[in-house]
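Q: If you count the sequence shown from 1, you need to add 35 to reach our numbering.
Worth flagging that the hints you see were computed from the coordinates, not collected in a lab.
Misleading hints may appear alongside valid ones.
Quick list of the computed label-pair ranges, beta carbon to beta carbon [to be verified]:
hint: 1; residue 1: Arg131; residue 2: Ala228; range: 23 to 29 Å
hint: 2; residue 1: Arg131; residue 2: His282; range: 34 to 40 Å
hint: 3; residue 1: Asp89; residue 2: Arg126; range: 18 to 24 Å
hint: 4; residue 1: Tyr238; residue 2: Glu79; range: 35 to 41 Å
hint: 5; residue 1: Gly76; residue 2: Lys244; range: 41 to 47 Å
hint: 6; residue 1: Ser307; residue 2: Asp107; range: 51 to 57 Å
hint: 7; residue 1: Lys318; residue 2: Asn145; range: 45 to 51 Å
hint: 8; residue 1: Val75; residue 2: Glu220; range: 32 to 38 Å
hint: 9; residue 1: Leu121; residue 2: Glu304; range: 47 to 53 Å
hint: 10; residue 1: Glu79; residue 2: Asp242; range: 33 to 39 Å
Glycine included, each C-beta is placed from N, C-alpha and C at the ideal position.
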Amino acid sequence: MPRIPARSSRPTEDAPATPSARSTGATDAARSAPRSSLFVGSTEKTFQVLHAFDGPARYMTLGDIAKAAGLDRSATQRLVHTLEALGYLFRVPETRTYGLTTKVLQFSYNYIRANDLVEKAAPYLLDIFRRVGETTNLQELDGHEIVYVARFPGQHLVNIGIVVGARLPAMFTASGIAILSRLPETRVREILANTSLEPMTPYTVTDEKKLLERIQTAARRGYAIIDSETVMGDISVAAPITDHDGHAVAAINISVPTSRWTRERVEAELASHVQVAATSISKSRLSTFRR
36 MPRIPARSSR PTEDAPATPS ARSTGATDAA RSAPRSSLFV GSTEKTFQVL
86 HAFDGPARYM TLGDIAKAAG LDRSATQRLV HTLEALGYLF RVPETRTYGL
136 TTKVLQFSYN YIRANDLVEK AAPYLLDIFR RVGETTNLQE LDGHEIVYVA
186 RFPGQHLVNI GIVVGARLPA MFTASGIAIL SRLPETRVRE ILANTSLEPM
236 TPYTVTDEKK LLERIQTAAR RGYAIIDSET VMGDISVAAP ITDHDGHAVA
286 AINISVPTSR WTRERVEAEL ASHVQVAATS ISKSRLSTFR R
């Protein structure tokens, strides 16, 4: 990847690096894009209601849902009623709040079941997990975030809140940096421009120049490493999985606790595991279709 100079300024409309920001940013982009006559606005509003639950609240009132979805109360009430009737939302007994049902998970299951990358990578993830006994993950890039699509938790798991489907800013994660190290310069610039450089821990690097230098270093080494910058007490090492054109489509990483590992030991003992696995997966015949 060619050397990328830092930007002189950052757009003020950067979305916060939180799970809910992803849906909001995606919705804003969709609203600003030219609309086809085939576009169904009511369908968009339905997904806005579902994405209202992207935030930390497990259960929400109609007013909360309307506010999070950016819709008026009347439209929200009709959409919530419809989703409840279809089995995707339920009303919490003796309250005025609503929550998601397990039926929503069917979409996740269908995606993972049809994902050839998960199918190809799973044996390698399991092998690493059995060899080192630590948490091993597979992540894909979606917008400016990485998404966990497969996960084998180790005995010394640092963050139990990260599960399949969880999202984190690509710029602040080892997997994200590994992926960015194998993407075109224009794509890296776009992701950086859409990332809110707000620290996730006291150790998060938010300086644009340093972040770009980190991507360059990962490109040279073939792996990226992050220490307590996304999750306190967690060291993560990752390597990119590439397509036939050499562009990253995902990353495989090992996550270990700082109570048992040092950065130097991770690089010496674990970096080769993710590199070998990522190279092997990259050489397999992955589908050429990517979003």
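Q: Please check whether Tyr238 and Glu79 have a Cβ separation lying inside 35 to 41 Å.
A: At roughly 39 Å between Cβ atoms, Glu79 and Tyr238 fall inside 35 to 41 Å, so the hint holds.
Q: Could you tell me whether the CB distance from Arg131 to Ala228 stays inside 23 to 29 Å?
A: violated (40 Å)
Q: Can you let me know if the beta-carbon spacing of Val75 and Glu220 is within 32 to 38 Å?
A: holds (36 Å)
Q: Within 45 to 51 Å: is that where the Cβ-Cβ distance between Lys318 and Asn145 falls?
A: At 27 Å between Cβs, range violated.
Q: Using the beta carbons of Asp89 and Arg126, state whether their distance is inside 18 to 24 Å or not.
A: holds (20 Å)
Q: Regarding Glu79 and Asp242, is the given constraint of 33 to 39 Å on their beta-carbon distance met?
A: holds (37 Å)
Q: Could you say whether the range 47 to 53 Å given as a hint is met by the Cβ separation of Leu121 and Glu304?
A: Given a distance of about 50 Å, which is inside 47 to 53 Å, the answer is holds.
Q: Evaluate the given range 34 to 40 Å for the C-beta pair formed by Arg131 and His282.
A: Violated, at about 48 Å.
Q: Against the range 51 to 57 Å, how does the distance between the Cβ atoms of Ser307 and Asp107 compare: consistent or not?
A: holds (56 Å)
Q: Do the Cβ positions of Gly76 and Lys244 conform to the proposed distance bound of 41 to 47 Å?
A: holds (42 Å)
Hints 1, 2 and 7 from the list above are not met by this structure, while the remaining hints are.
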